[in-house]
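Assemble chain B onto chain A, guided by the hints.
Number of protein chains: 2
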Amino acid sequence: MDRTLVEQIVRQVALEYLGRNGKGPAPQLAVMASARHMHVCREDMDVLFGKGSELTVYKDLYQAGNFAANEKVTIVGPRGRVISGLRILGPMRKQSQVELAFTDAIMLGFDDIPVRLSGDLKGSPGGIVMGPKGAITLKEGIIRAAIHVHMNPAEAAYFGVKQGDKMKLRVGGGAGATFNEVHVRIDPASRLNVHMDTDEANACGLHLTKDIELFK
Amino acid sequence: MDRTLVEQIVRQVALEYLGRNGKGPAPQLAVMASARHMHVCREDMDVLFGKGSELTVYKDLYQAGNFAANEKVTIVGPRGRVISGLRILGPMRKQSQVELAFTDAIMLGFDDIPVRLSGDLKGSPGGIVMGPKGAITLKEGIIRAAIHVHMNPAEAAYFGVKQGDKMKLRVGGGAGATFNEVHVRIDPASRLNVHMDTDEANACGLHLTKDIELFK
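First to last, the sequence lines map onto chains A and B. If you read the first sequence in numbering that gives the first Met the number 0, its first letter stands for residue 0, the second for the next number, and so on. If you read the second sequence in numbering that gives the first Met the number 0, its first letter stands for residue 0, the second for the next number, and so on.
In case anyone wonders, no lab produced these hints; they're calculated from the structure. There's no promise every hint is true.
Same chains, same label: a pair holds when it works inside one copy or across any pair of copies.
To be verified - In silico SDA-like cross-links for lysine to any residue, where the CA-CA straight-line distance does not exceed 20 Å:
1. Lys-138 <-> Arg-80
2. Lys-209 <-> Tyr-57
3. Lys-209 <-> Thr-177
4. Lys-209 <-> Pro-113
For reference, chain A alone in the conformation it holds in the complex:
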């Protein structure tokens, strides 16, 4: 099913704010919908896929070094409902984490999951995750990822924003909407790139328009 593709690129937009603010041409903006996925830590990888197993690359993602892995798991929610074929994104992280759209969370039997930045897992719900070699019980780590924009310091300077700021993303068209809580995440290795989830992409009709604007 299309929706299960990880990091499906719904729309890549090249916005040229030529000369805007006298700062020269704007960096290219890519806006993508992230389908539900999981990040795993070394310890959980050992249980799920076998001691010393490694993630293998299915597809490189837009941010350098990140990839959709061939490895998939099955997750079981609080009422015994299941989502299978949940793809893992690499590389491995310090803590395992599952990112679902709210629609996915409902499907899995949750009444709610918190909207969080990646890595901010405290108090989030958990679940059972099953791999081919074993199962783990996540005590916490199931979140809905807050919409965010990756950028490098030069891009941050262009927009006049700093780490932790919020920006807005306006998507035009017949289902047009403005996301008012786009978290800014700055890293020298990043490329300018908004990540939204499939609920947000479906709501605003991201696939329908090239009229997209990121602003402070």
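Relative to chain A, chain B alone:
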């Protein structure tokens, strides 16, 4: 599944714009998520549920005279995919119509469906609809309902809008978003009421906040 409930009331918000614009207290605003559903015409009702059959009330909806019916159908999409338990909303209409969120449309095998106001069906895709007594082939009528606000003329006067105008609906909170294309539909029998679909409600976290504002 919760998502299959028709006209699930995610949030009713009583906004009191006391004295705003010197126009006195604001009308109460109810914002609701409409789950996927169907409207049927007399002719299709005859085929689906039997000659002369009538819709029966499962639950009254917020707009007077409208109701979720006990009657449900199954719809088959272009690749043979199926959504069952699709609830009908009454009363009957002049033309049959299926309203899906974009997520539903993808589930049903569509790559896209148009965002339309109710009744504006020209060129929209069709499908096969099955009831207990027979099946119909809709040549067109499957749409994604554009977000809209029902109001009566006094409420329209309060906001200073007329039929066909568009307003904005800002939903606050951690997944906050502003819907920029809220169609105004004025009818003397209406109560002030925004209808969005489940994708939109899930995207903005409608269930998470009371910080909601409708404006021109």
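20 Å Cα threshold - placement of Arg-80 relative to Lys-138: within (17 Å within a copy, 36 Å between copies)
Within, between, both or neither: Lys-209, Tyr-57 at alpha-carbon 20 Å: Neither: 28 Å inside a copy, 42 Å across copies.
Lys-209 and Pro-113: within-copy, between-copy, both or neither at 20 Å Cα: between (30 Å within a copy, 16 Å between copies)
Status of Thr-177 relative to Lys-209 across identical chains (alpha carbons, at most 20 Å): Both. Shortest intra-copy (14 Å) and inter-copy (18 Å) distances satisfy the 20 Å Cα cut-off.
Checked against the numbered hints given earlier, the structure breaks only hint 2 and satisfies all the rest.
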